[in-house]
Every structure is written in structure tokens, then in C-alpha cells.
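Listed in order, the protein sequences are those of chains A and B.
Numbering-wise (the working numbering), the first sequence opens with residue 60 and increments by one.
Numbering-wise (the working numbering), the second sequence opens with residue 60 and increments by one.
Keep in mind that the hints are not guaranteed to be accurate.
To be verified - Once the Cα atoms are required to be at most 20 Å apart in a straight line, the calculated EDC-like pairs of lysine to aspartate or glutamate come out as:
id	chain 1	residue 1	chain 2	residue 2
1	A	Lys-218	B	Glu-276
2	B	Lys-218	A	Glu-276
3	A	Lys-95	B	Glu-301
4	A	Lys-291	A	Glu-266
5	A	Lys-122	A	Glu-90
Claimed, not checked - Counterexamples of contact, computed for chain A against chain B with all Cβ distances above 12 Å:
id	residue
6	Ala-96
7	Ser-107
8	Arg-138
9	Pro-168
10	Ile-199
11	Asp-241
12	Leu-287
To be verified - Cβ-Cβ distance ranges computed for the label pairs, FRET-style:
id	chain 1	residue 1	chain 2	residue 2	range
13	A	Asn-198	B	Gly-267	26 to 36 Å
14	A	Gln-145	B	Asp-127	47 to 57 Å
15	B	Gln-163	A	Pro-169	50 to 60 Å
Quick caveat, the hints were computed from the structure, so don't treat them as lab data.
Computed from a predicted structure; not experimentally measured.
Cβ coordinates follow ideal geometry from the N, Cα and C atoms, glycine included.
Protein chains: 2
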Amino acid sequence: MNQPQDSEAYKAKKRFFDSLMTIYGRKTVLEALQEKAVSIYRLHLANSNKRAEILDQIIELAKLKGADIIYHERNALSRISKNASQDQGVAADLQLPGYQTYEQFLATPPKNNYRLLALDGITNPQNLGMIIRSACAGNIDGILLPLKGAAQIDPLVIKASAGTLFRAPILRCQNLVDALKDFSRHGASLCALSSHAHHNLSGFRPEGASIYVLGNETHGVSDPVFQLCTEKIKIPMNNGVESLNVAVTAALIAFRDVM
Amino acid sequence: MNQPQDSEAYKAKKRFFDSLMTIYGRKTVLEALQEKAVSIYRLHLANSNKRAEILDQIIELAKLKGADIIYHERNALSRISKNASQDQGVAADLQLPGYQTYEQFLATPPKNNYRLLALDGITNPQNLGMIIRSACAGNIDGILLPLKGAAQIDPLVIKASAGTLFRAPILRCQNLVDALKDFSRHGASLCALSSHAHHNLSGFRPEGASIYVLGNETHGVSDPVFQLCTEKIKIPMNNGVESLNVAVTAALIAFRDVM
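Could you build all of it, start to finish, from the sequences and the hints given here?
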């Protein structure tokens, strides 16, 4: 029997499932399970999988980590992985220390002057992975990642993140505009990176919480998001170069205080 | 009749040919010719090419830019492009403002406290392209690129450089160790980036010329090069991240003074 959607039990359950990251692909799942910090809630396998050594390894690790192991019809597995052509009959729901909804982050931010990256339409998985790697290594408290209109966590992203995805602070949101409005109401400065801006990054030193918005690889920050941003800044460039790779821009922000 | 190899005429000719960058592939050559700053010395075409609109465009632009247009047997063209499987019957010798041998750079450096990146075994073309893009946009006076043991200029590199390759200061060398020794004799500080180093980048502020050595994506700076470097520095990282993408590291160096 379903619980009513406004009950505390339903909300708690929804919070729990929202906090899981589902990944797929045999090598990807195996490598994830080999990371100490990674907990696994459920391992999903297709009934149609033939015996394979890598599957044995995955199942063994999942058991060691206390996961439920569930076998599905092929179609049902595809609905879980959302990528039938690349899941190779394997998906896993991971519990990751840094993966949460932005609402959870806002409820208990780690500090007052937190610094976030917000990704507005980043579509290239390698860029997303590199951004995660640099943000995780640098001074960034969270990466605001919309569930739509952007590259999603997939094996390419995980590879480009060099495994840092599993410990990176990733804040999911349904819609970036709504989430940014919410952060703004809570006092965060919203700052769009744009090569057309008049002010340089070096002059922007917010004392409170700040969110740096990085836009699509070709089109930059989208109009509705740009309108919300009270700060627009650029990184000065030589030799008539018009733009930097978005992952490079993310890294310059993440490391600006340790250069 | 060949000139003796020590004659002034021979040396001048060699200098000229060393200053040419040969690229290949139809789209790559077309896009290069569409860049204003790009001069073309020779356009090479395979006899076997069938008529195609893009070839007409290439030939028209090459004529406008005053290039010699030379038709070759297919095998001869492969020897020029050095990449028979991807040249698509087209190669071009370009004259680029920033492309030179390191000896030419050393003979007339643009300033006393020049700052270079040296690439020691960078094998991923996307990384090479991104490094070129960031270096060209940032405060880097040259990219020291060995002719062997590293990714070479190819269509993937050009794409990842977002066209900046054609104006980037690229200093070719036959052998990185020899070139670095030469720079050291001329007073440049040699500095290896290494995640195992004890000193942070932020503490390294050389007053004179400096060369930052970036190593292979997996193995880092090679032993013989590492031995030459009197400075070893790291970029401090959070969350147990062990290394940054090499193109990100390059960007942090290129932009360290404008953050």
C-alpha cells in the first residue's frame, strides 16, 4: 500500500532514494565497488546475463558491502539504468557521501561562505568529468547539477573524473533556475562566467556564499539563468582567444586561492 | 645540385622548412585556410582525389593566399602527411606566426622573464589541444613541444585547441632533455610539476625566465627530465585527489597571475 505523498514516511523514503546515484556498465560498477568510500544499496542484474568473471567479482564485492542483489527481466533493467545500449546487464544504486539534493545542502551548509559551481547545460561528458575532478581537488563545496538538459553521470563522466565522482560534493536539482532562486533567497551571490562580461574574475571576492555559473560549451550561460546573476565576470585572455574550455574555467575558479 | 649542409643557404633553407607546420585532412585544412593569420606555403593534393566541393574551396583559398599547389601520387602524399589513413588526400604546409624552433626563440626571446610550458610525453591529443588553447589565452610565451614521444599536431589537437593552434607560440625541439639543458645554460629556471613534490606552486615566483614541465598523463615527468629540474612543485589538492588533468594544470600555471 502506498503512503500518502505528504506523509513523513513518504518524504523520508523519497529523500533516501533521491540520495542514491544509479550507475551502470560492468567495468564502471566494478571500479565503483572497488572504492572504499562507496556504499552500495542495490545491485541490479539482468536475468539474461551469461556467466562472466567480471560479474562474479561485482557480485562478490556487492555482497561484501551488504547490498541487496536483485535480478530483473532485461526490459526492467533498462528502465533502471535508463541506458539499455550501454548497461551491459548491470546497474547499481550507490550511496555516496557527497551526493545529495541541493535542498539537503541548503538545510545544513558546511559553512557560511560556501562556494559552488552551477552547471548550466554542460553537455560534454568529458567536460563534466573534468569539472568534477577539479572541483573535488580544489576549493569548491558543491557542484549544482540539474537533472535535465545536461550531461548525466555515465561511464565516460566517471572515467574523466578519474574516480573522484564517488567522493565529489554533487548537489542535484530538478531545475537550475528554481534552485538558484532558492540559493539567492538564502543569501548566496550568483555570478555568471561570460567572455562578454566587463569585470574580471580577479576583482570578484565575495565574502559570503557564492555560486559561479558555467554555461554550455557553445552557447554559454542561458538567458533565464544569466538574468538571475547579479555578477557577470570574465577571465581576461590574450592573443584574441575568445573562450576557454569550460572545464578549464571551472578549475581556475576552484584553485583561484592557491595559485 | 644539393647545397653543402654547412652553407648559409642550406641553413636558411632548413630554417625555413623547420618553420612550416604540415597539417592534413580536408576539414582541418579548410578551417586553417579560413583563419586570417594563417599563411600557406604549399597545398599538397593526391592525384587520386575525386572532384568534391570542399576540395574546390580549399584550392580557391590556397590560390588566394598565394600557395603553390602540387599534385602527388597517393604514396607520395602519405609521406608528406605522415598519416595516410586520415589525410583524405590533402595536406598543407602552413607558415604560422608563433610556430618556430626553440633555437629561434632562444636567439631572440620576446622578454627576459619569459615563461614557457614544456611538454614531456603528453600523449592525449585532446589534452595537447586544450593545453595549447589555455597557454595561448593565458600568460605563456611558448610551448616547448618535442617532435617525438608526444602527441603530434593532428585534426583532434586542432579541434581541441579551438583554432588557437594557428596563433599559439609553439617551440619545436627534437629532444626535450637537450632543449631544456640549452634553456638552463641561458639562465631559465626549470620547474617540474609533480604531485609528489614538497613545495606549492604559490610559493614559486621566479623573477627571471622559467619553464614549467608537465609530464605524461599516467607516469608524470620522466626521470631524465626530472633530474634536470632544480624546482619541483605541486598544486595542493583536497579530498585525497591524487592528480589533476594535465591540461588543467597547464591552465592554472598560464593564469596564475590573473586569478
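Violations among the numbered hints, reported as their numbers in ascending order: 6 and 10
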